[in-house]
Amino acid sequence: MKFAVQDGNKTRPQRRAEQVILFIVANQMFAIAAESVQEIRSTDSLGGAAVELEQAELPKVRHTFERGHRTYFIVNAGMHFGLPVTRPTLVLVLRQLRAAVLVDRIERMAEIPAVFSLPRAFTGKERDWYRGLAYIDDQVIPVIRPNGFLAREEFQRLDRAMETAASHRELEGAVQA
Amino acid sequence: MIDVDNAGPNSFVLLQVGERRFALPAGNVAELAPPLRLHQFPHTSPLVAGVIVRRGHIVPVYDAGLVLESKVPSVHRFYLVARREFSDATELSAIPVNGECELATGEVQPCSSEKPSYISGKLTVGDETLDVLDFEKLVTYQGAGGSEPPAEEARR
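Protein sequences appear in the order of chains A and B. Per this note's numbering, the first sequence starts with residue 1, numbered consecutively. Per this note's numbering, the second sequence starts with residue 1, numbered consecutively.
Only chain B is shown next, with the shape it has when bound in the complex (with noise of 0.2 Å):
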């Protein structure tokens, strides 16, 4: 088990969303959870997929994959559940990943001002270079027009 309460500010989880991999500062990620059940019902909800039970939890999860436009396939879904802070509370969100995640440090350089705004920065991990995702607004995109991503008028 690695320990994310002590990692440092320059920790950072690696993780996979479907083909490409991704950055996110440890001190967001809570942990990773194995393939769970993903309970669905109706709502009209932007991103949101489902709930999944974890630990006594009703967690959230947003499929990123929509936003990231990298499918996550349903057979090797693991859940990175993360933190989302609110003016008066803490809530567990989730995103699927493919499961392979590494705990890395290093310096977050500046990204081009071309990026998506959940793209905070890069950061370089050995040869590979990978893109620093800012969860609150990977989870909030709502497009580089402004408008909502393409969502039913009640999804399941």
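Only chain A is shown next, with the shape it has when bound in the complex (with noise of 0.2 Å):
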């Protein structure tokens, strides 16, 4: 039986073609605007550059680097959206936030022609997480929102995490000499 269609609508697209990064986390693919990425690194050439943060506020962030004075929280994005744990292969450095994001592959770069908002069925932390959804090659993909990583009440607790190691090293430091 088939009824009818009357067009509701309502998952209007934003219409304006970009350029993507599609990048696979635990089988699950997404897709971030290129322009949002300033740099892609293997896990093994940031190993050096990494430090460990000593945090259990937010345990997405494990670790830090240090680029231009600044410092850079590295988030696991397996953890970030609750996917199975993997072996991130991979670090998308985003661009105008102190952010890096740990995937486990790049699938390939993609232009989608539109982005449709979230349907308002999705009421939860995907609203934060996704600017929207991409259908590309009969595939529904969210599109990321590059500040859903890390809110910024986030980044003040990490910076604060920071702080406290920095002055426990410190303090270390005036105990042993």
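Honestly, the hints are just simulated from the structure, not real lab data. A virtual CB, placed ideally from N, CA and C, is assigned to each residue, including glycine. A couple of the hints might just be wrong.
[Stated by the list, open to error] Listed next, the stretches of chain A that the computed footprint assigns to chain B, with coverage defined by at least 3 CB atoms under 8 Å from CB atoms of chain B:
1. 78 to 91
2. 120 to 128
[What the hints assert, rightly or not] Per label pair, the in silico range of CB-to-CB distance:
3. B:LYS115 with A:ALA56: 39 to 47 Å
4. B:LEU66 with A:ARG120: 13 to 21 Å
5. B:LEU36 with A:PRO59: 31 to 39 Å
6. B:GLY8 with A:ALA17: 40 to 48 Å
7. A:ASN147 with B:PRO110: 47 to 55 Å
8. A:ARG41 with B:LYS115: 52 to 60 Å
9. A:PRO59 with B:ASP88: 34 to 42 Å
10. B:LEU66 with A:GLN156: 34 to 42 Å
11. A:ALA34 with B:LEU66: 34 to 42 Å
12. B:PRO9 with A:PRO59: 52 to 60 Å
13. A:ARG157 with B:GLU107: 53 to 61 Å
14. A:PRO84 with B:SER117: 30 to 38 Å
15. A:ARG127 with B:LEU66: 17 to 25 Å
16. B:GLU85 with A:ASP137: 30 to 38 Å
[Claimed, not checked] Examples of chain A residues toward chain B, derived with CB under 7 Å:
17. PHE116
18. LEU133
19. VAL140
Using the hints, put the two chains back together into the complex; each one sits in its own frame.
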């Protein structure tokens, strides 16, 4: 049986073609605007520069690295999205944010003709995680909102954890001296 | 093709969710979509199973079977696409159904107050009495105690 369609609409796409990077985390594909990514590095190449961050409040952030006198927080994308644990091999260093993201692999670059707004049925954290949805090669792929990886308040918590760790190190140094 | 545009206020779509049959006011219903690929990605919204793509629209699919305690087998999964009204827009949403749907007319009778809030009445069709679903309350149902239905931290 079929019913006549009433076109109720409403996930209207924002019509602006854009280049995206398609990447994989735990077999799930995501898209991120290419212009949001400053650099893609292998985790091996970052190894020496990464510093372990001792804090338990945000388990998705375990490491930092320094660049241009700024501290970047490395977010494990799998933990961020609640996906199964994997072994990330790449780091996406984000532009205009002090954040980088651990991902499993890059699938490819693509041009998406439009980003569909996230249906209102979605009411959870995904409204911060995603700008919307793209439809590429018969697949619906979430389009990442880069500043959804770390909220302002999370940056503040991490900065405080950094300061605390630094003051502990200073104290330990003073005691040893 | 049955034109639900012209369905009267007493018209209902009779649908099957797993082992159970329900009635839904025909005015809510946009179409019955054939089996389609369910696209899934991480999210934390209770009841949302994923999305389907239908006629150029991305349509969220609610796992109504969780609320109705009657699971639709994946092999015969059709999608009943209905409209949800928001203050400034209408959005299409879908629930999986077994595929066997009919159009019927009848008078809705009040139901017992013990019924969950997503049951708005009962409809007698022939010798069968069906619960009438309130689509909006069904897809936003948070359980008898007001708690959210069980959901993983992130669903896919």
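Taking the hints in turn, this is what the structure says about them:
Given a C-beta distance limit of less than 8 Å, the hint that chain B covers the region 78 to 91 of chain A holds, as 3 residues qualify and 3 suffice. Taking a C-beta to C-beta cut-off of 8 Å, the region 120 to 128 of chain A contributes 7 residues in contact with chain B, enough for the three needed, and the coverage statement holds. At roughly 46 Å, the beta carbons of LYS115 of chain B and ALA56 of chain A sit within the given window of 39 to 47 Å. Range check, LEU66 of chain B to ARG120 of chain A: Cβ separation about 19 Å, and the 13 to 21 Å hint holds.
A hinted range of 31 to 39 Å for the beta carbons of LEU36 of chain B and PRO59 of chain A is consistent with their spacing of about 37 Å. For the pair GLY8 of chain B and ALA17 of chain A, the beta carbons lie near 45 Å from each other, so the given range of 40 to 48 Å is met. A C-beta distance of roughly 50 Å is found between ASN147 of chain A and PRO110 of chain B, which places it inside the suggested range of 47 to 55 Å. For ARG41 of chain A and LYS115 of chain B, the Cβ-Cβ distance of about 58 Å falls inside the hinted range of 52 to 60 Å, so the restraint holds.
Range check, PRO59 of chain A to ASP88 of chain B: Cβ separation about 38 Å, and the 34 to 42 Å hint holds. For LEU66 of chain B and GLN156 of chain A, the Cβ-Cβ distance of about 37 Å falls inside the hinted range of 34 to 42 Å, so the restraint holds. Between ALA34 of chain A and LEU66 of chain B the C-beta distance comes to about 38 Å, which sits within the given range of 34 to 42 Å. Between PRO9 of chain B and PRO59 of chain A the beta carbon distance is about 53 Å. The supplied range of 52 to 60 Å therefore holds.
Roughly 59 Å separates the CB atoms of ARG157 of chain A and GLU107 of chain B, a value that falls within the hinted 53 to 61 Å. Taking the beta carbon of each, PRO84 of chain A and SER117 of chain B are about 35 Å apart, inside 30 to 38 Å as hinted. A hinted range of 17 to 25 Å for the beta carbons of ARG127 of chain A and LEU66 of chain B is consistent with their spacing of about 21 Å. The hinted window of 30 to 38 Å between GLU85 of chain B and ASP137 of chain A holds, with their beta carbons roughly 33 Å apart.
The criterion of a C-beta within 7 Å of any C-beta in chain B is met by PHE116 of chain A, whose closest approach is roughly 5 Å, and the hint holds. Because the closest C-beta pair between LEU133 of chain A and chain B is about 6 Å apart, less than 7 Å, the hint holds. Restraint check, VAL140 of chain A versus chain B: the minimum CB separation of about 4 Å is within 7 Å; hint holds.
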